[in-house]
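Q: What follows is the residue order along each chain.
Protein chains: 2
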Amino acid sequence: MYRTHNCGELRISDLNKKVTLSGWVHKSRDKGFMVWIDLRDRYGVSQLIFDEKRSSKDLIKNAKDLGREYVIQVTGKVIERSSKNTNIPTGEIEILVSDLKILNSSKVPPFTIENKTDGGEELRMKYRYLDIRRNSIKDKLIFRNKVSSEIRKYLNGLNFIDVETPCLIKSTPEGARDFIVPSRMNSGKFYALPQSPQTFKQLLMVGGLDRYFQIVKCFRDEDLRADRQPEFTQIDCEMSFVNQDDVLNTFEGLTKHLLKTIKNVKVDKFPRITYDNAIAKYGSDKPDIRFSMEFGELNSISQHKDFNIFNSAELVIGISVPKGNDFTRKEIDKYIAWVKRPQIGANGIVYVRCNEDGTYKSSVDKFYDQKDLANWAKTTNANKGDLILIMSGDKDNVRRQLGELRVEIGETLGLRNPNEFAPLWVTDFPLLKWDEESNSYHAMHHPFTSPKLDQIDLLKSNPGEVKANAYDLVLNGNEIGGGSIRIHDKNIQSLMFKNLGFSEKQAKEQFGFLMNAFEYGAPPHGGIALGLDRLVAILDGNESIKDYIAFPKNNSGKDIMIDAPSSISKDQLDELSLSLKK
Amino acid sequence: MYRTHNCGELRISDLNKKVTLSGWVHKSRDKGFMVWIDLRDRYGVSQLIFDEKRSSKDLIKNAKDLGREYVIQVTGKVIERSSKNTNIPTGEIEILVSDLKILNSSKVPPFTIENKTDGGEELRMKYRYLDIRRNSIKDKLIFRNKVSSEIRKYLNGLNFIDVETPCLIKSTPEGARDFIVPSRMNSGKFYALPQSPQTFKQLLMVGGLDRYFQIVKCFRDEDLRADRQPEFTQIDCEMSFVNQDDVLNTFEGLTKHLLKTIKNVKVDKFPRITYDNAIAKYGSDKPDIRFSMEFGELNSISQHKDFNIFNSAELVIGISVPKGNDFTRKEIDKYIAWVKRPQIGANGIVYVRCNEDGTYKSSVDKFYDQKDLANWAKTTNANKGDLILIMSGDKDNVRRQLGELRVEIGETLGLRNPNEFAPLWVTDFPLLKWDEESNSYHAMHHPFTSPKLDQIDLLKSNPGEVKANAYDLVLNGNEIGGGSIRIHDKNIQSLMFKNLGFSEKQAKEQFGFLMNAFEYGAPPHGGIALGLDRLVAILDGNESIKDYIAFPKNNSGKDIMIDAPSSISKDQLDELSLSLKK
Numbered sequence: 019m020y021r022t023h024n025c026g027e028l029r030i031s032d033l034n035k036k037v038t039l040s041g042w043v044h045k046s047r048d049k050g051f052m053v054w055i056d057l058r059d060r061y062g063v064s065q066l067i068f069d070e071k072r073s074s075k076d077l078i079k080n081a082k083d084l085g086r087e088y089v090i091q092v093t094g095k096v097i098e099r100s101s102k103n104t105n106i107p108t109g110e111i112e113i114l115v116s117d118l119k120i121l122n123s124s125k126v127p128p129f130t131i132e133n134k135t136d137g138g139e140e141l142r143m144k145y146r147y148l149d150i151r152r153n154s155i156k157d158k159l160i161f162r163n164k165v166s167s168e169i170r171k172y173l174n175g176l177n178f179i180d181v182e183t184p185c186l187i188k189s190t191p192e193g194a195r196d197f198i199v200p201s202r203m204n205s206g207k208f209y210a211l212p213q214s215p216q217t218f219k220q221l222l223m224v225g226g227l228d229r230y231f232q233i234v235k236c237f238r239d240e241d242l243r244a245d246r247q248p249e250f251t252q253i254d255c256e257m258s259f260v261n262q263d264d265v266l267n268t269f270e271g272l273t274k275h276l277l278k279t280i281k282n283v284k285v286d287k288f289p290r291i292t293y294d295n296a297i298a299k300y301g302s303d304k305p306d307i308r309f310s311m312e313f314g315e316l317n318s319i320s321q322h323k324d325f326n327i328f329n330s331a332e333l334v335i336g337i338s339v340p341k342g343n344d345f346t347r348k349e350i351d352k353y354i355a356w357v358k359r360p361q362i363g364a365n366g367i368v369y370v371r372c373n374e375d376g377t378y379k380s381s382v383d384k385f386y387d388q389k390d391l392a393n394w395a396k397t398t399n400a401n402k403g404d405l406i407l408i409m410s411g412d413k414d415n416v417r418r419q420l421g422e423l424r425v426e427i428g429e430t431l432g433l434r435n436p437n438e439f440a441p442l443w444v445t446d447f448p449l450l451k452w453d454e455e456s457n458s459y460h461a462m463h464h465p466f467t468s469p470k471l472d473q474i475d476l477l478k479s480n481p482g483e484v485k486a487n488a489y490d491l492v493l494n495g496n497e498i499g500g501g502s503i504r505i506h507d508k509n510i511q512s513l514m515f516k517n518l519g520f521s522e523k524q525a526k527e528q529f530g531f532l533m534n535a536f537e538y539g540a541p542p543h544g545g546i547a548l549g550l551d552r553l554v555a556i557l558d559g560n561e562s563i564k565d566y567i568a569f570p571k572n573n574s575g576k577d578i579m580i581d582a583p584s585s586i587s588k589d590q591l592d593e594l595s596l597s598l599k600k
Numbered sequence: 019m020y021r022t023h024n025c026g027e028l029r030i031s032d033l034n035k036k037v038t039l040s041g042w043v044h045k046s047r048d049k050g051f052m053v054w055i056d057l058r059d060r061y062g063v064s065q066l067i068f069d070e071k072r073s074s075k076d077l078i079k080n081a082k083d084l085g086r087e088y089v090i091q092v093t094g095k096v097i098e099r100s101s102k103n104t105n106i107p108t109g110e111i112e113i114l115v116s117d118l119k120i121l122n123s124s125k126v127p128p129f130t131i132e133n134k135t136d137g138g139e140e141l142r143m144k145y146r147y148l149d150i151r152r153n154s155i156k157d158k159l160i161f162r163n164k165v166s167s168e169i170r171k172y173l174n175g176l177n178f179i180d181v182e183t184p185c186l187i188k189s190t191p192e193g194a195r196d197f198i199v200p201s202r203m204n205s206g207k208f209y210a211l212p213q214s215p216q217t218f219k220q221l222l223m224v225g226g227l228d229r230y231f232q233i234v235k236c237f238r239d240e241d242l243r244a245d246r247q248p249e250f251t252q253i254d255c256e257m258s259f260v261n262q263d264d265v266l267n268t269f270e271g272l273t274k275h276l277l278k279t280i281k282n283v284k285v286d287k288f289p290r291i292t293y294d295n296a297i298a299k300y301g302s303d304k305p306d307i308r309f310s311m312e313f314g315e316l317n318s319i320s321q322h323k324d325f326n327i328f329n330s331a332e333l334v335i336g337i338s339v340p341k342g343n344d345f346t347r348k349e350i351d352k353y354i355a356w357v358k359r360p361q362i363g364a365n366g367i368v369y370v371r372c373n374e375d376g377t378y379k380s381s382v383d384k385f386y387d388q389k390d391l392a393n394w395a396k397t398t399n400a401n402k403g404d405l406i407l408i409m410s411g412d413k414d415n416v417r418r419q420l421g422e423l424r425v426e427i428g429e430t431l432g433l434r435n436p437n438e439f440a441p442l443w444v445t446d447f448p449l450l451k452w453d454e455e456s457n458s459y460h461a462m463h464h465p466f467t468s469p470k471l472d473q474i475d476l477l478k479s480n481p482g483e484v485k486a487n488a489y490d491l492v493l494n495g496n497e498i499g500g501g502s503i504r505i506h507d508k509n510i511q512s513l514m515f516k517n518l519g520f521s522e523k524q525a526k527e528q529f530g531f532l533m534n535a536f537e538y539g540a541p542p543h544g545g546i547a548l549g550l551d552r553l554v555a556i557l558d559g560n561e562s563i564k565d566y567i568a569f570p571k572n573n574s575g576k577d578i579m580i581d582a583p584s585s586i587s588k589d590q591l592d593e594l595s596l597s598l599k600k
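Read top to bottom, the protein sequences are chains A and B.
Numbered according to the numbering used here, the first sequence spans residues 19 to 600.
Numbered according to the numbering used here, the second sequence spans residues 19 to 600.
Hints are computed from structural coordinates only; laboratory data are not their basis.
Just so we're clear, the structure is a prediction, and the values are computed from it rather than from any experiment.
Do not rely on the hints blindly, as some may be mistaken.
[As the list claims (entries may be wrong)] Quick list of in silico lysine-lysine cross-link-like pairs, DSSO-like style, CA-CA up to 30 Å:
hint	chain 1	residue 1	chain 2	residue 2
1	B	Lys304	B	Lys396
2	B	Lys144	A	Lys235
3	A	Lys526	B	Lys599
4	A	Lys235	B	Lys171
5	B	Lys274	A	Lys171
6	B	Lys235	A	Lys588
7	B	Lys235	A	Lys119
8	B	Lys71	B	Lys45
9	A	Lys341	A	Lys304
10	B	Lys156	A	Lys235
11	B	Lys144	A	Lys207
12	B	Lys526	A	Lys564
13	B	Lys588	A	Lys516
14	A	Lys125	B	Lys470
15	B	Lys588	A	Lys600
16	A	Lys516	B	Lys125
17	B	Lys352	B	Lys379
18	A	Lys523	B	Lys588
Start from the sequences, fold in the hints, and give me the full structure.
A: This is the structure:
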């Protein structure tokens, strides 16, 4: 037996017990006549003590020789510390060691095993197994387990069944790029790894399973942006005999449950706003509503004077920065420069200071009088002491630009508190989006999403205007989930494929099995998929997902610890009837 | 809202309630003036009634027009049935329908949606979404969810953390064949899909996570025997600071928990027998101990006469078939023919009838007297009325042959009751096995398994004799899990690789990251992996796993429903710098 207790559980109530602990040498202090060692395991740290008066010479010598990260086993008596440490739960006691055994030695680690380490990202990834020893990583993995286990508990409680769908499926050119897997037994043929279990979960609904969920790995072979992984984890769910409200209420319940049990935060009914409204009010379909600064539309009250920039713009919109009148001219200029960067691409900002005395001072005083400015203040909800920032241009661009500025200012002003949680639903997404490159419509969500049923006719005449029964769950400015009511009628599904530019043959080749299934009594159904990696990170107050993944890949899709991907033997290629092109 | 209740929950206590149900038309009976419909969903069946006196003409007509598997929504009143069905929970009530809406129509299904269906395997797989509607499949998927959710509950309760390990890893030629995944971003390089998360879970132990589990998809590109799937699910576990007993006790606890909560079966402490003993007593390393018939070794009491077949054999062993004296000569001959088939490959069986009067009658009376036969009876534990079956030959073969005969007879005699559960541990497996083909040792479990530490010297002199700290969990004659205490010392790991014929370079190339990890304070650790697919099937009293997998592949590794694997486009191959060989 390697231990009677772990390193985190001994307390003053255990005084005088004979205990055996195992763990890693975290730190040691050698005062000559006395040696203290912090022994660490997953559960905590316990202090070991060796001293001349009470320990044998050999034992002290052995203790002094221990290096950092040595794995040891000790037996000893729990005694009261003379100087207590109130910062840790085991801080009132220490172990007077009578027996010490080295279980394994350790080279000096390439970086310190501390919350704040001196190791850079690359080094940490190469020695990820040491990185995980650091509390700041270890706690995140434990946190992830807590979240996923609460998700399962909640969904199982609502009769959702965890069903495993296959990993080796069929490649479909629609959507993102598939990872493919050559089949040896079926020479020249390939499986694909799933980008999501979408069609399978729909088939499970056709199969009558009624409520399905799965926490499942999905795969996308895309060029990786920062914080995107080629393999990621999805909480995938589907329900039968539901309308949109049923789905929203169910997963609002799940999110509330997580916030309550994991963060002890109680959130009221989530706001639900339409996609069009979200874009108009926040310039984003994933608005951060922890803070206000909603857009005011100023066209009617700003295009009546000689200011040509506004007059020629499709849209003039402004936001009110609370207490923004405190900004110096230099600070305002900084934001103007910020929006002019190519990433944002705006021309500039018109600003209006709302003075404490009720007057206004703007960068366009030449064109507008105090009454105009007062109107703008009213429309942007600006009060005395605030600052109004106004941008203009073509509708889509200016909304995006002001939306990004809004978030940037929210961040600067500390309005994006990671321990505050502001979830909402964004609904009524457009069904289709026009793709300039291919000169055709793409599905905004996916090809199985149901259009609003009262807009079916519009789908024939003006497809771009059709809204979908599609919704996103947004938390603190991040999309953490998206879903839709699906098409369950084969005629509507055919119409949809047609709008997406599929020939009948193509549709049949790629999704024939689903079209077939729809012939045999498919029930109305819908669902959602939440990104677990991101959900966990945000619940834990972070936006970066990497440290919530035990063994993440870098931005080139590489695992530098195991050196994957790597070359394979010619034999392996031969067996698969493949050859490498030069 | 599609329903107020599901089809399985209404009871006599709901009388007179107005309810809305949705589901599938399972059956309908049309008596002209009255129509009954069985409405089915996942939760059960409710009877709908339409009749001339109480329903409108249109409604009756619509009801009569409904086809099987139509999806409908009905509203009506819960009334008491005149003739009750005590076989189903909803059998006391029916719904007098006032409103009927067709949600979707259905073509006539290609096979009947009943527990006993007329659909063959191929047809059922092609229309798996209809197959799943049958209770006999649906219930198995629900059962699987129940098992996996109890596993999670139990392991989480013991502080095991669910950690997701990567799916895109590195190919290692050791062991079975990998599925590989070409990397587009790293041209000419390949990922592999994991055959198990073995090295990652060991790294998590090096990382201090202490207790890990994961219910995880694993992949093996092997020629498929019946009931093997290219992707399968493993309950993968690892623990630090444990010896073999700690692991066995923990997973014995898990298995007991499952038997108790899922099957309401209480099992005492599991027997633990060594591999050598299992082979000697049952001729198998996964003995079915629901019944006895243990081998008796007869060499010393059967090689003293002129019977040359026994005298020239390396081993003579027998089993006693309880009440086997009732077998007719014809039945005995059938077993003799059975063991002579090439699959078993034996020469024959010597038998001894144990008469009720205490005398014996054998097929070798010419050579042996009553006293000899009485000795054999004693050694095989045969009583009056039993039948002793004896086989001889070289040790390994005869044990295997008699082992198979033992199971065959157990099956015939009804001693393999699927609702009886007899788990046991088989321990002390050999570390290595000799492979004739490659003329080298292979790892019996895997290269990371620790030899018995007191046999390290033997590893240098006589590796084939060394036993490992490796164990299997066996249930009803099936291996449902296997594991080992791992090597955590880099020197022993090097020695092991050497014994397996790895050059230092090869070992470093393939497992360098693990060897590196062992330099930085790897703790003693060990674990186990259980096959979920099989565990679930056996707990449910079945041996075939296919119906416990929602979308299984056939024996050619094909999913015939979605038609995978399939061809991919030249563009996809080009992007991956691959070409197909003719």
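Q: All the hints need checking, so say for each whether the structure fits it.
A: Do the hints match the structure? See the list:
no., hint, verdict
1, B:Lys304 / B:Lys396, "holds (26 Å)"
2, B:Lys144 / A:Lys235, "holds (25 Å)"
3, A:Lys526 / B:Lys599, "holds (28 Å)"
4, A:Lys235 / B:Lys171, "holds (21 Å)"
5, B:Lys274 / A:Lys171, "holds (22 Å)"
6, B:Lys235 / A:Lys588, "holds (27 Å)"
7, B:Lys235 / A:Lys119, "violated (39 Å)"
8, B:Lys71 / B:Lys45, "holds (22 Å)"
9, A:Lys341 / A:Lys304, "holds (25 Å)"
10, B:Lys156 / A:Lys235, "holds (24 Å)"
11, B:Lys144 / A:Lys207, "holds (19 Å)"
12, B:Lys526 / A:Lys564, "holds (27 Å)"
13, B:Lys588 / A:Lys516, "holds (24 Å)"
14, A:Lys125 / B:Lys470, "holds (26 Å)"
15, B:Lys588 / A:Lys600, "holds (16 Å)"
16, A:Lys516 / B:Lys125, "holds (23 Å)"
17, B:Lys352 / B:Lys379, "holds (19 Å)"
18, A:Lys523 / B:Lys588, "holds (19 Å)"
The structure fails hint 7 only (numbered hints given earlier).
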